[in-house]
Structure formats: C-alpha cells, structure tokens
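Engineer: From first to last, the protein sequence lines are chains U and Y.
Just add 304 to wherever you are in the first sequence, counting from 1, and you've got the working numbering.
Just add 304 to wherever you are in the second sequence, counting from 1, and you've got the working numbering.
Note that these hints are calculated values from the structure, not bench results.
We put the CB at the ideal spot given by N, CA and C, even for glycine.
Errors might be hidden in some of the hints.
[Claimed, not checked] Distance ranges between label pairs, derived from CB positions:
| # | chain 1 | residue 1 | chain 2 | residue 2 | range |
| --- | --- | --- | --- | --- | --- |
| 1 | U | H353 | Y | R393 | 52 to 58 Å |
| 2 | U | V381 | Y | A349 | 52 to 58 Å |
| 3 | U | A405 | Y | Y352 | 38 to 44 Å |
| 4 | Y | P313 | U | R496 | 47 to 53 Å |
| 5 | U | P372 | Y | R499 | 38 to 44 Å |
| 6 | Y | T448 | U | E389 | 23 to 29 Å |
[What the hints assert, rightly or not] Stretch-level coverage of chain U by chain Y, calculated; a stretch enters the list once three of its residues show a Cβ under 8 Å from a Cβ in chain Y:
| # | region |
| --- | --- |
| 7 | 329-341 |
| 8 | 360-367 |
| 9 | 487-494 |
Number of protein chains: 2
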Amino acid sequence: MTDLAVEQPPTKERIRAAAADLFHRKGYAATGIKEIVTTASAPFASLYHFYPGGKVELAETVIRTSGPMFQQLVELVWDAAPDLEASLRAVFDGAAMTLEATDYADACPIAVIALEVASTNEVLRVATDDVFAAWVGSLTGRFTDVGIDAAAARSLALTIIALLEGGFMLDRAARRTEALPAAGEQAVRLVRLERSGR
Amino acid sequence: MTDLAVEQPPTKERIRAAAADLFHRKGYAATGIKEIVTTASAPFASLYHFYPGGKVELAETVIRTSGPMFQQLVELVWDAAPDLEASLRAVFDGAAMTLEATDYADACPIAVIALEVASTNEVLRVATDDVFAAWVGSLTGRFTDVGIDAAAARSLALTIIALLEGGFMLDRAARRTEALPAAGEQAVRLVRLERSGR
DNA sequence: TAGCCGTTAGAGTGATCTATCTACAGCCCA
DNA sequence: TGGGCTGTAGATAGATCACTCTAACGGCTA
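Could you put the whole structure together from the sequences, leaning on the hints where they help?
Structural biologist: Written out as structure tokens, the structure is:
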C-alpha cells in the first residue's frame, strides 16, 4: 500500500474524491457504485475493502470530510479580507466564481445530499446537520469576535449560510450568477445595520 | 374516464399528486415508477398512458404544477397581511410551520429536484428555473408596487427567495425551526431599511 | 526462502430499475 | 347491435442496482 513510485493519491483517497465529486453534482441516489470506482480508476473490491459499510459509509465520509474542508477554505478567504464587509463580499463573490468555474455544478459540497437524504437516511441527515452546525458556529464566532452579541451573531450567521445555500440553488438552476452577488450585498447591509447599533 | 360514482380524483391527477409528494420528500432519482403508481393506487400502464414521456415528463409536470400552486398559496398569505412587514413574517412563519407539520419533509415543492437535476437533466433544470423566475418576478412586483425601485426590488426578491430556500435546507437537516424565523426577521430588517430610503 | 496480510481481481447474486408489450374491459356514438 | 376509443391489467424485457464471494497477487517481516 505504500505507493513509492506512483505519483497519485492512494486508492482510498481517490475513491473518496471521486465519490465527493459525483455526489455534489448528481446527488446521492443518482450516483452508482460502479461509476465511482470507474471515475476513481480503482478496483471494484477496493471500495468495499476501504468502506465496508458500502455506499452509506462512503457518503458519510464524504460529508464529514468535504464539510470541514470547505469550512477551512471559507475561513481562509474570510480572514484574508481587511474587514467584516470585505470578508462577506469575498465569500459571496467566491461562491459565485466557483459556481461559474465549475460549469454550474459545484458551490456547496453538501447541499444536494442534504436535501436528498433529510427524509430518507438518518445517519446521513445527522452528518449534514453536523456540518451545517459547524459552519454556523464558526461564522457566529467571527461575529461575536467583533463585538456583536451572541443572539444577534447567531441569527446573522444562520441568515448568511441560508443566503449562500439559497443563492447557490437559484443561480445553479438558472446557470447565471445573479442571486449570489445580490444576496452578498444584502448581507453586507445587514451586518452594517447590526454594527451601527440597530 | 368519467368517474361518476367514484369519489376520488381521476387517475391522471392521482398519479401526479403521488409523484409530487414522493419527489418532494425523497427526490427524483430515489423515487421509483412503481412506488408512484402504488402510492396513487393506479394501474401501472396508466402512468405511461397519461405520461408517455415516462418519468421525465411526469417530473416536468410536477414541477410546472407544484410551482405555480405554491406561488398562489404564498401570494394569498402575503396579500392577506396588513402590511409589508407582516406579509414577510407570515410567509417565513408559514414555511416554518409547514415544515414542522409535515415532519420536516415539505416546505418547498421543488428544492430537492432543482438541486438534483441541475447538472443532470436539462429539461427539468429549465422547468425549475422557470418556476424560480416566476416566484422572483411575483415578489419583485410586490415590492415595486409599494414604491421600491426596480433594481432594489429585484435584489430584495432574489434575497428573500434565497433565504426561504436556504432556511428550509438548514432547518430540514436539523429537524427544528430556527433558521427560517431568523431569516424572516432579517428579511424584515432589510425591507424596512430599503423603505426608509437606505 | 517461507509465510503473512493488505489489496486487487472480477464473476456472480438477487433485487429493482424504467419502459414496452399484448390483451381486454367499459363506454360513447353510429 | 357493432365499431372505436379511453383506460385498465399485468407479464416481461433488458439493463442496472448495491453487494458478496473466492481466489490470487505482491511487498513485507521472520
């Protein structure tokens, strides 16, 4: 398993990455096991070797890996901006650019799965909820850090995550980037309003 | 086809309603044709008799029927409230109540399908886009009606639809109603801000 | 060199998928 | 009474689904 000469990620990782990509774009139900291993250029049996729980275990791994990775990326963008409003704009614009760059396939790594499995698979539903909760928690922290009180910070955080997800949904369906920038501007106004002491 | 004595909707309508319910909850890919006719208590061949295009035609019918029905419902709620802020609150609270009442299955009739088919089926993607466009258009009209200028009205409308969809996604994943009410309050603040002349 | 174990290999299972097929039941109008 | 149309009925095709099985390969330690 030590991949000395080979210049590619190990099989387990390639399978996870391929599954993540397909789940994001096509959703959980529409993605087949065979398609995953083909995309990953991995042997069929290896999937069940590394993920004995099959499709569900693989999906949970994808959710719990892609979620934090995305969060880290967003935090990086956020913290690189000079102030709160710039951070907000950078994140929304970044989402819009990503959506466009991926031919309107990707922007949120778990949105499709989250809606799909919410009433279908409890294990995966909880996994998506945990990811969302972490995102909201992280954003809430950014707001309390600048002196916004806890309740307002959480309300703002929930609103902004909702704006990102909803804007993503609208713009992906329309294959343009209008809702995301508009939502970003409105988010800026909300934060400005909050900081100006209501 | 004339259902004289029978006290139930005609077969075609029963199939459409059953498909709508299943698509909303489980999504497009995860819902089987057989499951639809079973739920509708309809003969198998009738599905292909009424919807020769099969699953895709049925889904498009569902999208293009459920979308306007939902819009009409929201407009009714909106117009029944005494003022703009009350309308906004009524819609967001109504969404939260519906979500809870349906055991966190239903709140938006096309959200799941929209994300699922966006990169998969062009016909259905366009159908979801048309529905979203109609919603945004309707809401934009409500705002211009009270004197908000066109550009601001559209930005507000996009933002509010995004908030509804995103809040729905978060609250469904978490099986609670926190994001939707929070988003509603923030929407009220945005509209108030807009009307107070920035 | 011998043996071990993580990994690869792919055929095969049973279930389920969408869709098509032929046959026929009931009703309207001629 | 007879022809034609709408809708019902269900078997079946052919593909694909997730998953399991046995066997063997190959680099490692003993």
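Engineer: Determine for every hint whether it applies to the structure shown.
Structural biologist: Status of each hint after checking the structure:
no.	hint	in the structure
1	U:H353 / Y:R393: 52 to 58 Å	holds (54 Å)
2	U:V381 / Y:A349: 52 to 58 Å	holds (55 Å)
3	U:A405 / Y:Y352: 38 to 44 Å	holds (41 Å)
4	Y:P313 / U:R496: 47 to 53 Å	holds (51 Å)
5	U:P372 / Y:R499: 38 to 44 Å	holds (41 Å)
6	Y:T448 / U:E389: 23 to 29 Å	holds (27 Å)
7	329-341	holds (count 6)
8	360-367	violated (count 0)
9	487-494	holds (count 5)
Taken one by one, the earlier hints fail for this structure only at number 8.
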